[in-house]
Amino acid sequence: MASRIERSPLIDWWRTIDRVLLGLILTLMLAGIILCLAGSPAVADRLGLPQFHFVKRQILFMVPAAVVMLLVSFMTPRHVRRAALLVYLGALGLVFIALLWGVEVKGARRWVNFAGMSIQPSEFLKPAFVVLVAWAFSEGGKRKDLPGNIIGFVLLFSTLVPVALQPDIGQTGLMAICWGGLVFLSGLHIFWVVGFSGVGVVGLAAAYKFLPHVKARIDRFSDKQSGDTFQVDNAYESFMQGGWFGKGPGEGTIKRILPDSHTDFIFAVTAEEFGIIICLVVLLLFMIVVLRGLVLARRNDDPFCRLAAAGLVMLFGVQSVINMAVNVQLMPAKGMTLPFISYGGSSLISLALGMGFLLAVTRKRPRAETFTPEPYAAYQAPFAGERA
Amino acid sequence: MLDRSAYPDPRHDQHDAPKPLHDEAGKGFLAGLFSMRMDKSRQRLIFVALIFFGLYGAIASRLVHYARNPETTQVLRRASGESIAAARPDIVDRNGVVLATDIKMMSVYAEPRRIIDKDEAVELITAIFPDIKPRDLREKLINRRGFVWIKREVTPKQQEEVYRLGLPGIGFMAEHKRVYPNGNAASHILGAVNVDNVGIAGIEKYVDSLGLADLGGAGFSVQADDLQPVRLSIDLAVQHALRDELAKGIVKYKAKASAGMIMDVETGEVMALASLPDFDPNNPAEALDPNRINRMTVGVYEMGSTFKALTIAMGLDSGKININSTLDARSDLKSGKYSIGDYHATHRVLSVPEVFIHSSNIGTARIALSVGVSAHQAFLRKMGQLERLRTELPESAEPIWPQKNWGELSTMTIAFGHGLAVAPIQAVMAVGALVNGGRLIPPTFLPRTEAKAREVAREVIKPETSEALRFVMRLNATKGSATKAAIPGYFVGGKTGTAEKNAHGHYQKDKLFTTFMAITPADKPRYLYLVVMDEPQALPETYGFATAGWNAGPVTGAVLERTAPLLGQVPRTDPPANPFPTMVKLGAWGTK
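Top line first, the protein sequences correspond to chains C and D. Residue numbering for the first sequence follows our numbering, starting at 1 and increasing by one per position. Residue numbering for the second sequence follows our numbering, starting at 1 and increasing by one per position.
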């Protein structure tokens, strides 16, 4: 370890970064590659691709993902905000391009072809959106001249409407949940918290009523006999076959017929081959990342950093919870990937970006740098009075 | 940490100039509603962390639950909605002879998800079971369910062959198959079960209603050994004899159908009940043919002259007439545009016993009129003829009668058994009450003691009236239309009934429904016999007659001759000394 007298960006980074979080995320990335070895060859076989096609690509994406994450983690909060703004504008533009000229896959326009690669811009929208909302709310909390609340609402609609139009109800819901979480954390009156929960319920009811595939999925979840429960049934069978210790790597059979065994249902394949104990370990990794992230957010004295960290953790956590809950049949089927474990280039880079932001905003900062006591004294009294 | 959150956070980025949260006083509630309170975020973060902890905890507990409860194929099958044939109790007759029992059979099932080569599986399996269509089987196997039946109840040889195929994902399960060793003999009583061993008709369905289905549904694999057999009131030997004689009768008289039953009038126990054509409960699909219904309980018929017994009983019991009353049968009875005449016309004044043995429509109609319309209706209701009779058999039928417009004409025709259609078992119950001393006892297919029968019985007529009915029925067997059933030694009494079948609102002269009721012994009846025949034909030896006395009567006689010894009736060479003392005392017609 370098001496504290030496100052270089790299050493500063190493000293201030949360190494627990970094280690956990890198572990998850590695786990993603190992589990991809279990889940994807069967899918590759079915699609007539070379057996390790998806594994190779996963590793191929893992490298830039790690680089993106590490580079982003060097940023200061100000850089984070700017980067988020840039990514947000770029991704939103691409979302519109996808809507207008995108390739339609399974009835949805989510993909744009860019330099020989197809990317899913809504993936990149997510972390940038969360950072911007955190910014808006934290500024709104401090500054009267900046209408933070209004910006927060504008961001919500400008982001969710195009994504919902794709349609991508999963991502829309995910972002809505994170936005709601940020509103809650911003200390908005409990009236709004209740109100937005109500809007959420109404939104869900509307989705059930007006979107046939949402209705079908919920119906299937509530009534097992009602129709095609192929994926869910097979996921269930995977857990049954796997038991505590699994059948062993490569020994899985259900994965051969699970269509999304390398993406949405990788958790079930993990159970079949590596056992439910390994599933619990993966679950524990996610839980520690989330709880660690929330602890770091709570410790952070800067409102923006606190909100941004909490928002990014929620994004990551909610996504992992939804994926695993669908796998163990606690929720109706919803296309949601398991962060870092599921195969998917766009998703991987976007997650790396988000985790990079998280690492950046949770870096330890010298307090003196931000401590400005004079203006503070001016408003301490009325506030304390209200408290009493 | 906590103290710090008690006051607003003083530390911000340098470029963010901090400003008071509430710089103007008096904004009140509305301002509070819209303000962001960053100081709250720390507490609320704890709340968020707790939610996440709970969510991950829920998923983890589900995972642990999965690991600890690895489900077997059994459970998988239930999840996929397939059912398995559960054990059922044996059904035995009153002497303990087995009527229905379970045997273990192997069934072949598939778990389509585990079958590797579906085409190969289809090819090999259909080679063993040629009756399975390859297309159907392929459809089953590409199905996404965890469990499908391939073939229920296979032979040991077929099982061996399938086993030797060595196909993964194909398995065997022991199931219970219902067998009826006596075939058709008691089919309408026993009913049938479906392939899942669930009762779908007859006593089998009744047994399920006792709670077996619930047990099976709750997942208890009930063993046949644990189940108490269900004992019926039926006597298999009597049942067989009844069915055999009915079958002979159908052939001889070229009838469309025939049915009969024997009831113990002291207890209401049905000793035998058959309805031909019937079916083999081992092949319950036969029962679907509408011609194979149980004519004793499901069919409703105008019972014809057998109903005259009810009318005479009503007249005697009401006191409007006595056994020595005379009724004018010299000319037809007119009612509006209708005219009621006698088939065996006598054109003279008749006594009550004569009305009965000559089966005088005019006489009975006059008796009913003397009692009155509403009393007639009330009497029939009391006798259980206007309401659906329910027994253990789930199959029953509602009587058909003029509910809205029961006028004098209805009373006149119903008096001699037209205009009211009842299930024959209902008429048996009523006639049983007429001859057993006046106690109406609902029929049952389960054993019942006389003591128990007295508890459920209802007094409907006086014992003297009952004696009069026994007397006229006996008289009818010696002097009237029931002579063909009067088997010597059993002191038989009886009544014929012939009704023209009603089709499209018209009575058809050539399509008859004949009935015959017999009691033995008439001095103290124990068993009541009923035989009905649907469209029996006239034969040369019946001198061109097709009325009940010529077909249902002799068939009843044959049944009685065969079954009375089985039922413990001892033939008497000498008739009883004074069988009808009251009738003698009254000096009734025919006692001299």
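No lab work stands behind these hints: they were computed from the structure. Where is the CB? At the ideal position from N, CA and C, for every residue including glycine. Careful: at least some of the hints might be erroneous.
Derived Cβ-Cβ restraints for the label pairs, each shown as a range [stated by the list, open to error]:
(1) Ile33(C) - Arg164(D): 43 to 49 angstroms
(2) Pro130(D) - Gly200(C): 58 to 64 angstroms
(3) Leu330(C) - Gln43(D): 36 to 42 angstroms
(4) Leu60(C) - Gln43(D): 55 to 61 angstroms
(5) Ser209(D) - Gln51(C): 38 to 44 angstroms
(6) Arg138(D) - Leu330(C): 32 to 38 angstroms
(7) Asp119(D) - Ile33(C): 54 to 60 angstroms
(8) Leu165(D) - Ser118(C): 55 to 61 angstroms
(9) Leu330(C) - Pro130(D): 42 to 48 angstroms
(10) Asp119(D) - Val67(C): 47 to 53 angstroms
(11) Arg164(D) - Pro259(C): 33 to 39 angstroms
(12) Glu123(D) - Val199(C): 56 to 62 angstroms
(13) Gln43(D) - Val199(C): 20 to 26 angstroms
(14) Val199(C) - Ser396(D): 57 to 63 angstroms
Status of each hint after checking the structure:
no.: 1; hint: Ile33(C) - Arg164(D): 43 to 49 angstroms; verdict: 45 angstroms, holds
no.: 2; hint: Pro130(D) - Gly200(C): 58 to 64 angstroms; verdict: 59 angstroms, holds
no.: 3; hint: Leu330(C) - Gln43(D): 36 to 42 angstroms; verdict: 28 angstroms, violated
no.: 4; hint: Leu60(C) - Gln43(D): 55 to 61 angstroms; verdict: 44 angstroms, violated
no.: 5; hint: Ser209(D) - Gln51(C): 38 to 44 angstroms; verdict: 59 angstroms, violated
no.: 6; hint: Arg138(D) - Leu330(C): 32 to 38 angstroms; verdict: 35 angstroms, holds
no.: 7; hint: Asp119(D) - Ile33(C): 54 to 60 angstroms; verdict: 37 angstroms, violated
no.: 8; hint: Leu165(D) - Ser118(C): 55 to 61 angstroms; verdict: 46 angstroms, violated
no.: 9; hint: Leu330(C) - Pro130(D): 42 to 48 angstroms; verdict: 47 angstroms, holds
no.: 10; hint: Asp119(D) - Val67(C): 47 to 53 angstroms; verdict: 49 angstroms, holds
no.: 11; hint: Arg164(D) - Pro259(C): 33 to 39 angstroms; verdict: 34 angstroms, holds
no.: 12; hint: Glu123(D) - Val199(C): 56 to 62 angstroms; verdict: 58 angstroms, holds
no.: 13; hint: Gln43(D) - Val199(C): 20 to 26 angstroms; verdict: 24 angstroms, holds
no.: 14; hint: Val199(C) - Ser396(D): 57 to 63 angstroms; verdict: 58 angstroms, holds
Hint compliance for this structure: hints 3, 4, 5, 7 and 8 are broken, all remaining hints hold.
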